[in-house]
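There are 2 protein chains.
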Amino acid sequence: MKGWGVVLLVFTFCLPPVFFIAGCQEPPKTEAVRPVKIASGDVDPAHWGKAYPIEYERWKKTKEPDPAGSKYKRTFGPDRVIYDRLSEYPFSALLYNGWGFGVEYNEPRGHFYMIRDQLSVDPSRLKAGGVCLTCKTPYAPQFEKEMGHDYYSRPYKEIWENIPEKYRKLGVSCIDCHDNNDMTLRLSRGFTLVKALKDMGVQPEDLTHQQMRSMVCAQCHVTYVVTKDKDMKSTGVFFPWQGSKLGGITIENIIKKLRSDPSYLEWKQAVTGFKLAYIRHPEFELFSNNSVHWNAGVSCPDCHMPYVKVGTYKVSDHRVMSPLKNGLKACVQCHAESPDWLRRQVFNIQDRTASLLLRAGYETAVVAKLFETANNAQAAGKAVDKVMYDKAKDFYEEAFYRVVFIGAENSVGFHNPPEALRVLGDAVAFASRSEAILRNALARAGVDVPQNVDLDLNKYLDKRGEKKLKFIPAQEIKDPFGTQARFE
Amino acid sequence: MKGWGVVLLVFTFCLPPVFFIAGCQEPPKTEAVRPVKIASGDVDPAHWGKAYPIEYERWKKTKEPDPAGSKYKRTFGPDRVIYDRLSEYPFSALLYNGWGFGVEYNEPRGHFYMIRDQLSVDPSRLKAGGVCLTCKTPYAPQFEKEMGHDYYSRPYKEIWENIPEKYRKLGVSCIDCHDNNDMTLRLSRGFTLVKALKDMGVQPEDLTHQQMRSMVCAQCHVTYVVTKDKDMKSTGVFFPWQGSKLGGITIENIIKKLRSDPSYLEWKQAVTGFKLAYIRHPEFELFSNNSVHWNAGVSCPDCHMPYVKVGTYKVSDHRVMSPLKNGLKACVQCHAESPDWLRRQVFNIQDRTASLLLRAGYETAVVAKLFETANNAQAAGKAVDKVMYDKAKDFYEEAFYRVVFIGAENSVGFHNPPEALRVLGDAVAFASRSEAILRNALARAGVDVPQNVDLDLNKYLDKRGEKKLKFIPAQEIKDPFGTQARFE
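Line by line, the protein sequences are chains B and C. Numbering of the first sequence is given in this note's numbering, commencing with residue -4 and proceeding in unit increments. Numbering of the second sequence is given in this note's numbering, commencing with residue -4 and proceeding in unit increments.
Take these hints with a grain of salt, some might be off.
Since the list gives no way to pick one copy over another, a pair counts as held whenever it fits inside one copy or between any two copies.
Derived pair list, reagent style DSS-like, types lysine-lysine, alpha-carbon separation capped at 27 Å [as the list claims (entries may be wrong)]:
| # | residue 1 | residue 2 |
| --- | --- | --- |
| 1 | Lys190 | Lys388 |
| 2 | Lys386 | Lys473 |
| 3 | Lys122 | Lys140 |
| 4 | Lys364 | Lys381 |
| 5 | Lys473 | Lys251 |
| 6 | Lys252 | Lys473 |
| 7 | Lys45 | Lys309 |
| 8 | Lys377 | Lys190 |
| 9 | Lys252 | Lys270 |
| 10 | Lys465 | Lys56 |
Just so you know, these hints were derived from the structure itself, not from any lab. Fair warning: this is a prediction, and the values are worked out from it, not measured in the lab.
Build the full structure now, drawing on both the sequences and the hints.
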């Protein structure tokens, strides 16, 4: 019997595949068996949750306030207080004055609230139109495809009403990152991320699974440009990654791109009168630019969605949050140190970043005020040297974008400590060169400027927007090194 | 038999110790057996080497050029070229002009050369007198004790000649760090390090072995002040750590101390005419200030003297060098990554630090030149506002000390990346505030200052000292991020 078995086995293995096709039925494919079939295009997480109840239940928990985390990211903690970014960093109220970000700019809550927060924020934040929904609803790709130009330019509320009523408050959903058949990671934002990757010569189909784990997050945790026509109507949205490479999307290249075309300038800064571009939450850009964790092959979910065990199941935690908020569980998977020890190192980095952000921010705000002085002087008939003015403006913008870059990034430097600090150092250097030139130009024009420029911050901090928002002194972030934020 | 054995064992263990003392001879002490006995006070490594030949042979190898290491620390590499720090960072030739550091300032070679380098450097570097021997000869503690004030103030060569002829070129030796009886680590520099530790409330006898492994290095790899009398004769030497704590010797506290007493001002900066203090190789200060490696309990020798195996012996490598030079052997003891990968992360940090050091250095040099302009204007009878001038000077000094701190520190930021970058960022911020105020003051005094200040660097870089040293363009460190070092 044994002899015959071996002969049969050898015989079977030697048969060419065509034998089966010709002689037998094709064997059934290996397929995961799930209690439900998720329909193509189904946005409803509750339906997906029938097949993946643990992920779904964790995802729903993004509704609940988080445990306390970083001292610089206090919103959505146990006390449920929403922190006002303009009160945290008062200089930013001056710098962002002129559009929505200068009116109401809150620290972010959990994913559950993404569209709810948008619906309750001051309407000035939604002026760009339907394009603001790009990262907020799973319907965005469909709308963009079907409506084309209208999707970008028509009023936010008008586009939003096209979402079926049941899903109008639904934020990021399973379908934004997963294939409905086998849960493979997918990029749902072809018109933003996929285009940007191709601009860098990256073909999405070549990305590894581990890279895809970061890419699904990079659909939204990036900066972007809402392009404008000459009437300041939105005409599109793109990521300013051209000229960079994956693993090295630099602030230098981003700024070069932002400044290369007037249609990228989205707003007018009130204090200077300059038309400027903007930078939003560039988590992916900072992290992926040669950071130590990126270079170690770490992906976003490795830290923000570490595995949780539920009974005998082990799934990546769809209650996305900062590792600081859940006992640094993600960190201790690789680092042998205690959570307390690791937390202290994170704070060492964040303290230093916050300190330099304050320096860079205030220095840039001072320059903005000097431009106001220069503009007033010109309006009053004084002659300010144009070459000097233009050079100062050039440096000012270089500083401004760097301050926004690190200020908007949500890790307070942790995603890439030396790069964050380098960028802020350069911001101070650019702002200071601008200030020097501008003071010279003003002096030559016979305009006396005081040693310490009054930033008049209350003017920008109080009575903001429809809600008449006010400065909340208790929320202000002070220099952790005990010095004044601004050297006076 | 078995039963009796147990009874006997119990009985023996229950006997009080006095029983042995009263009834027997005291047992012999455990003692290491060595082929030679090292005499107390013996400075000759060759004698110690008879007992510890492997350590001695490795120590002797500090005479040989190292393998290539960091691109920012190229001296003493395979090509044997000595790199000129003033050519590497041309701004420093301007800032240090006025005393020895502005004449000849070379990147360091191995420990073997410490006193040889001193004997061949431009004599302006030795003007402080015998005090310059404090870290260069094992005879220093004895001289300090015996000669008192003379040790500090008498000419360098005169004190040096008190060293027995055979040992006049002998640098750091076994006795500087070890007890001759049992090789215990010891602090030989009671008059500098031990005093400084006590000023911070640290009792040397409370230090752990692992702390002592850093402390022996901290006898010299620190900053120090050579105090002066009113004729600028040296009167002592101390570490400016007062007001700090072990694990947090901050640049803020160091500067506060340096500026607290005119006797700490060691030289006059030529370009500004200011009497200033100075900061030397503060490796220990930067590393121990809450850096991630310090917090992880790492000591200096863990990285710079990793264990080597010689036959069946395993000893800490007394050929002290950068981990970058010996295949990152020290790093891979804790880090699982490949040496190439680890090297890349070190360079990522050093690139960013070098870039910001250039910004900070040039910005500070610009301000120095503006003070020269202001001083000339005052000499020509123009009235420069004193309050503004003093405030600008205050900020300038804050910037200057920070630039020297990171510029003199020999890790190009690696010993504490976010702290190094924070300090440099603050340097730029202070310098820029100074520049702004000074430009204002000059404008009010009717002095026109150009947009881009000419630093006239050749004046400071060429024909330096007795050797008529010149700028070596090939050695200049360029901004690794491809921008100009100074924004113009």
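Against the structure, the hints:
{"no.": "1", "hint": "Lys190 - Lys388", "result": "neither (32 Å within a copy, 52 Å between copies)"}
{"no.": "2", "hint": "Lys386 - Lys473", "result": "between (32 Å within a copy, 23 Å between copies)"}
{"no.": "3", "hint": "Lys122 - Lys140", "result": "within (21 Å within a copy, 77 Å between copies)"}
{"no.": "4", "hint": "Lys364 - Lys381", "result": "both (18 Å within a copy, 25 Å between copies)"}
{"no.": "5", "hint": "Lys473 - Lys251", "result": "between (32 Å within a copy, 21 Å between copies)"}
{"no.": "6", "hint": "Lys252 - Lys473", "result": "between (33 Å within a copy, 24 Å between copies)"}
{"no.": "7", "hint": "Lys45 - Lys309", "result": "within (17 Å within a copy, 61 Å between copies)"}
{"no.": "8", "hint": "Lys377 - Lys190", "result": "neither (48 Å within a copy, 62 Å between copies)"}
{"no.": "9", "hint": "Lys252 - Lys270", "result": "within (15 Å within a copy, 47 Å between copies)"}
{"no.": "10", "hint": "Lys465 - Lys56", "result": "neither (31 Å within a copy, 67 Å between copies)"}
Of the numbered hints stated above, those contradicted by the structure are hints 1, 8 and 10, listed in ascending order.
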